[in-house]
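A.B. asks: Below, each chain spelled out in residue letters.
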Amino acid sequence: MRITCPFCGERELGEFTYLGDAKPQRPSADAGEDAVYDYVYLRDNIAGVMSEHWYHGGGCRAWLKVTRNTLTHEISAVEAAAGAGAAKVGA
Amino acid sequence: MKYSIFSLARAALSGHKNWQPTWRDAAPKDRYDVVIIGGGGHGLATAWFLASEFGIRNVAVLEKGWIGSGNAGRNTTIIRSNYGLPGNTGFYELSMKLWERMEQDLNYNAMVSQRGVLNLYHSDAQRDAFARRGNTMRINGIDAELLDQAALRKMLPFLNFENARFPIQGGLLQRRGGTARHDAVVWGYAHAASALGVDIIQNCEVTGFTRDANGRVAGVETSRGEIGAGKVGMAVAGSSSRVAAMAGLRLPIESHVLQAFVSEAIKPLLPNVMTFGAGHFYVSQSDKGGLVFGGDIDGYNSYAQRGNLPVVEDVCEGGMALIPMIGRVRLLRQWGGIMDMSMDGTPIIDKSPVDGLYINAGWCYGGFKATPGSGFVFAHLLARDQSHKEAALFRLDRFQRGAMIDEKGQGAQPNLH
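Protein chains in written order, with the working numbering: chain Y, 56 to 146; chain U, 16 to 432.
It should be emphasised that the hints constitute simulated quantities derived from the structure, not laboratory data.
None of the values given here were measured: they were computed from a predicted structure.
Backbone N, C-alpha and C fix where the C-beta goes; we use that ideal spot for every residue, glycine too.
Covered stretches of chain Y (in silico footprint by chain U; criterion: 3 or more residues with CB under 8 angstroms from a CB of chain U, positions within the stretch not fixed):
#1 67-77
#2 95-105
#3 124-136
Make the full structure from the sequences, and use the hints.
C.D. replies: Here you go:
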């Protein structure tokens, strides 16, 4: 598996760190315990195409949003994650 | 058929031509009292304990491939009960005790070998943590010995004691730990369960659940037709989220790939199971001679049953740091299995929120050693609708209650457990 970083080009997997599913959104401060439980603990654990967050710690140190198939490891898209500092510099 | 020295002698006299299949490959009936989804070690052990301990013999085990084709046939075969947290300590010792009598119980040679499991420590802080865990084990009646460097030098003179960065100071040894032949564990449970009337049904993939008017699970839809069930238990490891989703459930679980490795066969070298304390590397030597080893999970969600090279490199570096002489041994095979990584690193054995459906999941990459214990407590839950006392803390709602059992203290990040 190699990831094509939008800032650095194609790099080997060892340069990247995985966070996980990009779908869960932090609930608002007054959302209640159930919403926080859902955000912190429950996962769709998708078997198929999944959007996920990776960190390019061995390169530009940007957070990336990677679209990857968990059944085949095929990567179909890589973009800067919303709000990533390096993304603003690169834009 | 009962196996013994006499059956072996009889078979030898007839040129080993009269061996019968050790278990019955069944076709599905219309209905069972209990249907177990997943023909791995845990599912088959559950079926056997249901039949032998709890008197429920109208049981089917459904397997989408062939039995033991998942993680039961892909692990590094280590058995141990060296856990430190309440919940884990007692449960894994229950499992260890069942390993010790398994071969007699099942009348099957599972090659259970109590050759010892040694966790090495490399710093004062790690020694203190290991001493604490060892003490926890001993006050719970589990064997543990803290060895210093001098004792280890006698036992394992080939270790890299003088490693400049991670010198080996000593280790925590559980002599009753060791290895078992993983495929034989699957076949042994299949053999004994089948003899008690359990139907083992292969190439039978569950595609959905049927419900009665009250919403209770009434059976399963499968690739071989609909099968009715009084209760359904799932023990499907890396596929837990996919099966639970068919019942409308989301679980606190992510599926990750773990790789394992075996070297070419060499002469007897490693007398026990050992783990590197400054990285993640564990190794033992199979009776066939190969070094069987592994390390971390790859760290990203995967259902692919294969991993990537950074972990291969990391695992081999761990091995070289610990036992430099294995550097010239060639790697024979390497493979991957899909782990059901829970949010606190601890399993879930509980009723699900859907009536009639029971969950056995979240084994992370420690499921093999738990096989007999998991089968026993899951059978207890299915038979009596009540958790066994050694599994009473493995509840699905513990994340909501803040009652996690986080042995590594990593928090809700499954790829770090």
